[in-house]
Every structure is written in C-alpha cells, then in structure tokens.
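Undergrad: Got chain V sorted already, so can you dock chain Z onto it with the hints?
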Amino acid sequence: MRVLLVEDDADMAESLRASLAADEHEVEIAGDGELGQSMAATGGYDVIVLDRMLPKKLGVSVVRELREQGVSTPVLILSALHDEDHRVEGLNAGANDYLGKPFSTRELLARVRALWNGRDRDVQTRLQVGDLEMDLLARTVKRGGKKLDLQPREFRLLEYLMRNSGQTVTRKMLLENVWDYHFDPQTNVIDVHISRLRSKIDRDFAQSLLHTVRGSGYRLEA
Amino acid sequence: MRPSLALLRTTTFRLALAQAGVVLVFVVALLVYVYFATIGQLVADSDVLADQEYAALERAYAEGGIRRLNQEVVERAARQGPLLYVLAEGNGVVVTGDFQQLPSLPGESVQRIDFGFESTDAEGAAQRGRARGKVGRLLNGPILLVARDLGDSEVMSGRITRVLWTVAILGVFLSIASGLIASWLASRRAEALASTARDVMAGDLKRRAPVRGEGDEFDALAEAMNAMLDRLERLMQVSRTAGDAIAHDLRSPLTRFRQKLEAALEAPADTANDREALRKALEEADSLLDMFAAVLKLARVESNPNWRFERIDASDILRELVDFYEPAAEEQGRTLRGEIAPDLFVNGETGLFTQAVSNLVENALKYTPEGGHIALTAARRSDGRIEIAVSDDGPGIAPADRDRVQERFVRLESARSSPGAGLGLSLVAAVARLHRGGLHLRDGLDNGEGKGLGAALVLPAAA
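Quick mapping for you: the protein sequence lines, in order, are chains V and Z.
Just so we're aligned: 80 in the numbering used here is position 80 of the first sequence, and the numbers increase by one with no gaps anywhere.
So the mapping is simple: the numbering used here equals the position in the second sequence, first residue as 1, plus 222.
Same shape as in the complex, but just chain V (with noise of 0.2 Å):
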C-alpha cells in the first residue's frame, strides 16, 4: 500500500522508509507539516504516517485541516510527547491511532496495516474467520456451529483480534484498545489472557486460529 510518511528528522525518515518499504509498502517522505498537508491532500495514500513536531506546521494542526478538507485516510500520528492528554488531543483533530516514541518498528508496522485494515469497520454486525462466527448484535461466538462461552473482556479480545484478523497486532494493541491502557504491565499478563482465550477457542478444535507472532504479539489467522 502507498504510505505517506511525514518526518523532518532525515535519519528517522530513511530508517523508517526502509522498514515500511521491507514490510512491502511504497513510501513517499515529505520533510515539513505544510508539504506533508498538501502531498496527503493530492496523493491518494493509503495510510499517512505524521510526526507531532513538524517544522512549518505542527502535526495535529495538519490532521485537523486534512479532515476539514474531506481528507480521511488513515492517520497515525508519532509522538515524543505520548501522555493521556496530547493522544487525546491528536484523537480529537482527527488522527486514528497515536503512537509514543520510543516504539519498536513491529509494533509501527503492526499499527499500519491495522489502520489500512480498519478503514471502514463498524459497520458490520457479524464477523468471521474460518469457521469461527461471532454475532455482535447477539454478542454470540460460534465455532464450527458450536456455541463458545466468553467471559465480556474475552469477547472484546476476540473482537478486536477478528476485526485485524489475518495481520499482526501487538500487545500494546491490544492493551490500547481492548482494555483502555496506556501503560506497559511489566508482566506477562496479555499472554495469559490469550492462552485463556486461545484454550476456548482453539483446545477442542484440530486447525488453531490463533498464533503467536514471535516477538510481535498475535495473529488471528484461518
């Protein structure tokens, strides 16, 4: 997918240039807030990657003007400055995902594709991989026609997992939009949730659905 990366720091720019181009993307760089402004509002991108402090215009300033502009792809903002109040404030102008430097680049890639994957969610009402169902207007899971019984924060788990099935979401992800956190627990407590989650959905069934991405977090795959 085409990605528009905003960033005037050029060592930066070229490192994450060629991890976004590993990860099969086309990347085009622009160095400053007011051409970054203009490039998205002409290129028909994908998804946009957006530094916060940018020279000439800042870079909520550029997510608000695209979105009054009609402008809606995906944007994720990159951010020094990543406490409750700044993510809110890039949220509100507009951006769909904020991200706190430092961040590893998986957890930059995962982020991505989940924002091009996302671009047009809630409208649906049923979600499915493989022969895994979940209903949520009924708040049902069915696997194989078989009903599963999920406590309501391992329903949301699987929700959000079946939403970006089929890619990588970290556990930062996870923590982000399953439970609302803002912080890293410093113990292993996402993975256990999984294997809970993974023990219901998987244990009584021959073909696993849910993986473990080695040193990125999770995929939901048929």
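By construction, these hints were calculated from the structure, which means they are not laboratory data.
Heads up, simulated EDC-like pairs for lysine to aspartate or glutamate below, C-alpha to C-alpha not over 16 Å straight-line: (1) V:K101 with V:E84; (2) Z:K519 with V:D184; (3) V:K101 with Z:D512; (4) Z:K428 with Z:E445; (5) Z:K428 with Z:E455; (6) V:K56 with V:D9; (7) Z:K519 with V:D85; (8) Z:K519 with V:E84; (9) V:K101 with Z:D508; (10) Z:K588 with V:D184; (11) Z:K482 with Z:E498; (12) V:K200 with V:D149; (13) V:K172 with Z:D508; (14) Z:K673 with Z:D623; (15) V:K200 with V:E159; (16) V:K147 with V:D131; (17) V:K57 with V:D8; (18) Z:K588 with Z:E553; (19) V:K172 with V:D191; (20) V:K56 with V:E34; (21) V:K172 with Z:D512; (22) V:K56 with V:D32; (23) V:K147 with V:E133; (24) V:K57 with V:D9.
TA: Structure of chain Z alone, referenced to chain V:
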C-alpha cells in the same frame, strides 16, 4: 524609599485614615442629632407655647378690650417662668411687659420672631439671652409680643457641642495614631516575611518565616509560606538527588550497552554471535528508554498542574484491574482477590489513577513469593475518604524503610536483583499527591513469620 513615607502608604494606615473619617462623620451626625433633640425640640415647644399664650391674650382683648389685655399682660409678666410678654402701642412705644422696647416693629401680619435681649439677674448683673416667640398687631393697633426665653438650653447645647467636637478631634487623632502604630507593627511583620523570601531567593533554603504562635493572619501567612518552602526544599533536594541518581543509574546500563557493542565489534565476524549481541544491546536500550519514560512521567505528574480531572468511577476501574491481573497472578501461582465496595468516585485523571494502582499490584506480584496472596481492597473510610489498598503476604518492608522507598530511585538491597528503576512507588506517591491524597505503607497480610506489605492510597471522595 524613606521609611516614614513607606509607613503612610501601608494598607493598615489607609484603613486608619478611613476610620478617622468615619469618626468625624459620626460626630457630625451626633451634633445634628443633639441639635434637633435639644434646640430643635425647644423651638418647636416654644412656638406651641407662644401660640397658646398669644391666642389667650387675643381672646382677653376681644372680651375685655385694651384694659383687660393690659391687666392680663401685667399679671402674666409678673409670673415666674420662661415666658416673656410685651404690650406696646401701635407706634411701638411699650405700654407694659418684660422689655423696655420691642426688638422690632412688626409688619401687618402676625410673625415669628427670634431675638437677643439683655436682662439683669437677681444681683443686678447684665445677662445676654435669646428668646423666640410671636409678635403681631391686634385689632385697632396695639402690638402684642409673646416669647420664650431660650437661655439655659442654649448654654447646655453649646456645652454638648463643645464636648462632641473635643471627642471628634481626639478620635481622629487617636485613629491616626493607632493606624500609624498598627501599620508600623504590620509592616514589621510583613518585612520579616519579605526578608525570609529574600534570604531563600539568595540561596538559604533552610530559612523559615517566624511564626509567633498567636494564630493571627500573619501566622497563617507565615505557616503557608513555610509549607511552601518545605515543598520547595524537598523538590530541590529531590531534583538534586534525582540528578545524581539518574547519572548513577544510567551509567551501568549504558556501560553494558557500550560493552556489548564493543565486544561484538572486536570478536571475529560471526552472524549468530552478532545477532545475539544486537539483541542484548536492544534490550539494554529499551530498559534505558523505559527509565527515561518513567522519569519524564514522574516529572510531569509532579510539575504539571494541568491534568484534566474528571469524576471517575474508581470501583469500576479497580474491578477491571483485578480482572486484568488475576489470570497472570494465577498463572504465576499467586492469588489476587478484590474486595471493592461499589460506587466509589474520585476526582482524578483516569490514566494516572489506573497506572498508580497497577504499579501497586505489580509490585505485590513481583515481591510476593509463589503461593502468596494479594488483596486489592477499596472502601470508604469513616472520615469519608476513599482508601484503596494493595496488601500482600510477601516479605514486607521494615517500618524504618517505608518512607525511604517512596523516594525516587530508592531500591532496597533485597530488591536489587529484580528489574526496575525504583520509580514505581515514587510515581504512585506523586499521583496520590496530585489527587490531594497520600500513599501510606503499612503492615500487609500475615505471612506466617510477620507481616507483608500493605500499600494504601487514600484519596478524597468526589462529591
């Protein structure tokens, strides 16, 4: 600035001047009142009395003519009393009465008259007096004057007036004098506060404003100032020791980081070894970045007052935290249970509040041995505040060390081997202070040999 002039500019002195003004206004008001209550009343009474007498004499004239009138005037003038009479012919020549001549010739109509006169007292000494009454021409010409001697009351009201003016002048003088003294005293105490502030600015952080123990507003100000200075001193101390601690704590991971890269560079090229060295270097870099993030977050919590506070449902957040950590605790052979009263609300920042409690839970998970128990309890205390406690049956912390572990970068010897920068409890304490509460470390659950650790966040309840 000359001190004498400075004194005149003080608030207290201005208040004293205002007070002097009030005294003056009060005395003038009192004078007006006294005048109306004495002279004014007397004049009114005199007018009534003079009218009655005049009317009676008019009747006598109408019934008995000039002879009868003359007789009445002679009789009445001879009586003791404050009333004075004069009967004169139409041309003003006095026929009979208390005076040898009229004070003035009346016009055609009956009129009020207010006049001075001289009389002789019993010893024959001349006396000046004042009288008020009515004078007019009767039918066919004779002039009749009836008046009341105002003498004594006039003297009395003069005395009262003099006393009041004396009081007024004394009052104004005393107000100004007491204002000067009060402003001198007040500026002396304000100067003591100001000199404390100047000394502190000059670098003497130990200096404190004097508190007299009288519980007055200056003491309150001095106490508030001293509390501020205590906090300032603590912050200075903290930033000084934190600087040292950061330098010290960063040195070891940075050294390891450098050493690993150097060793990999110097060793013969070996892909597997190089990758392992890179992986380890990355881990070190991550732990350094985590430490920076923790320091920055702590600094932001301690120095930034602009967090967006809202009414948050603490019970809900705490139940979710128990749900979040319970599976991991169980996996690690520890029991985490929650006893959370419903409907506990606090004013706070959701993210910070959640992280603070999660730090406490993670600390408990880290320091409680396998098979241990951890309880997250939350309830409203009898004083109305909300207490959120994480108690464990781990090794605990000796009471002597409990204050120290809340300082940043402080890690007890027993914790040296486990990961962490020693910022967790500092952050919790800082978040508690931000929420106008506190973190209290105390005995936790019984661990067989003694007590584990109990960490209690005590926060004010939201309305």
